[in-house]
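Visitor: One line per chain: the protein sequences are W and U, in this order. Following my numbering, the numbering of the first sequence begins with 1 at its first residue and continues without gaps. Following my numbering, the numbering of the second sequence begins with 1 at its first residue and continues without gaps.
Keep in mind that the hints were calculated from the coordinates and are not lab data. Where a beta carbon is used, it is the ideal one built from N, C-alpha and C, also for glycine. Hints are not guaranteed to be accurate.
[Unchecked claim] Among chain U residues calculated to face chain W with C-beta under 7 Å, some are:
no., residue
1, Gly-49
2, Lys-211
3, Phe-214
4, Glu-218
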Amino acid sequence: MIGGEMLASAIRMTIPILLTALGAIHAERSGIVNIGLEGMMIVGSFWAAFGAYHYGPLAGLLFGIMAGGALALVHAAATVTFRVDHIVSGVALNIIAYGTTRFASLSIFDRATTSPHVQSLPAIDIPVLDRLPLIAPLASNVSPVVILTFALVFLTRWVLSETTFGLRLRAVGENPQAADTLGVNVFAMRYAGVIISGLFAGLAGAYLAVEHTGMYVEGMTQGKGFIALAAMIFGNWGPIGAMGASLLFGLSEALALRQVVEFIPYEFFKMLPYVLTIIVVGGIVQRSRPPAAVGTSYERGE
Amino acid sequence: MRKQRRIALMVAVLFAVGVLLSACGQADQAGGGEDKLKVGLVFDVGGRGDLSFNDMAYEGLNRAAEEFGDRIEVKYLEPTGGGENREELLRMLAEEGYDLIFGVGFLFTEHIQKVAAEFPDTHFALIDGYIADLTEDSNVVCLLFKEHEGSFLVGAAAALATETNKIGFVGGMQIPLIERFEAGYHAGAKYINPDIEVLVDYIGTTSEAFKDPFKGKELAMAQYDAGADIVYHASGASGTGVFEAAVAKDKLAIGVDADQSLTASEEQRPHILTSMLKRVDVAVYNIIAAEVKGEYKGGYHIFGLADDGVGYAVNEYNEAMIEPYKAKLEELKQKIISGEIVVPVNNAELEQFLQDLGS
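Extracted from the complex, chain W is given alone in its bound form (with noise of 0.2 Å):
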């Protein structure tokens, strides 16, 4: 039985791997691999969880955006300026932002691995669509982070493929060296292209503390930075298809939790994500194309 009740659960599961998705194709589209990502995430849990508990959770999530924006500026220094290997930097950054937010956590809140509990935004009913049968799960009680997530795929859409920054971005993601002798400005492009990847992050980070458990605890991430990097791969480096994706995995996760089908045992269900990134980033689905210069760092030449 797929009901509404199991789609919105799924939806739930969605939007954290959706959120990191986005930013994601925004870093990888400027040429720069953030396998931070998920320290992002990190840190973007704790420090929302913190200004939630201060300053409320608008707050909150303003607070985890930042502070994935920040570790991301770190990313796009180490990658942009200094030419660091961007795997390298990626797992460093995940280290530190595990230490970190324990160091922080200790500090703030007295406990290694547990915040406070933290207000909610409150829960949004759409109108009319909360009284339909079938969709009444789904629309009644949503996080306003849910549909924000949502708009923010067709706003990731259209600024990838009608505005100038989109197409700069693109640009440098494909050829620097053309894009450069364009007078487009490289670096100020991937700067943005990782910064902005980390904002992303940072807000699904956000989303999981704040509005989807009510504190930070750590280890919640549970790798779905990784997982958004794959749905990224899925969706061939585009909005709509990594939204595609992502519900999938979200899908598979929420399968898992709610055993549907009696003869097929939840363990199933709950490895479906992971065989399913395997076959996505084996490249079995599709041939993926990925930006032409992505992973490299870009050099004036003289």
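Knowing the structure of chain W, use the given hints to seat chain U on it.
Guide: Chain U only, in chain W's frame:
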């Protein structure tokens, strides 16, 4: 080629992250002193702030620290996220000359066994874990609880309070210890009403399951959606998610270990029917008190209903909710203490129990 290299790197990175995340948190309390008794405690997964199991142990430690103020020095440590450095932390405390060291949680069982053998002059206390063949002269004491007895009572309370004849259970890590909560709860509910349906879910099979409120919430939501109107959790810090689900669905939940109504948020409180109390705080305090008096003994301490080691919570917030069932619960409590009801501790015993109920 490059893509393949990237995939290989990604996998390597995942492993590296897992291995390298081994910072350890620690906190000191009280100043040093030469002839003070030194008490150390290492927390379990979920750590301080789980508002449940670990916080109860902390409370016991705190009470002892306050009471014996100038005679003892206490220190507590929290292991890494996955808890890989449990043994290291125990050994560190032993090497620093701590006189009494607690391992909070069954996961410490083999580590305490090992470290205790290396430091024969140090006293150890293991909560929730069982080490065979201990005597009074051993330097390890196991503090065990009859969680099934307390769970039986809250199961009965749930059966009395349910309106849908469907109740739920969300366990943390699927292990015999947590199955004891489940079996007791199930038995208590069926004892009151044989037709009641009990939905059972576990969050996971690793210790991470005790700090995953995200899944805790989703599992509880699923149970409420399936018609349950009361969900009991035995999942440490993940339980916060269960309470969140109860708020979102406007249903009831039952807390565990600590009296969780007291620590819950304003909006959660009206949704907590009661909590299954497991007085880890009393156990910790008692052992420290014995150590201070020089009366520490190895072996086993088992806390049950009879000595108020387990029970159900009544407080100013749930008083009105639980009042109608109190008489019945007290009656059941007496029956368990007198041995008239023998509460099952696992699924095999539960089946036998249910058969006997039917006949």
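Visitor: Could you tell me which of the numbered hints above are not met by this structure, giving the numbers in increasing order?
Guide: none
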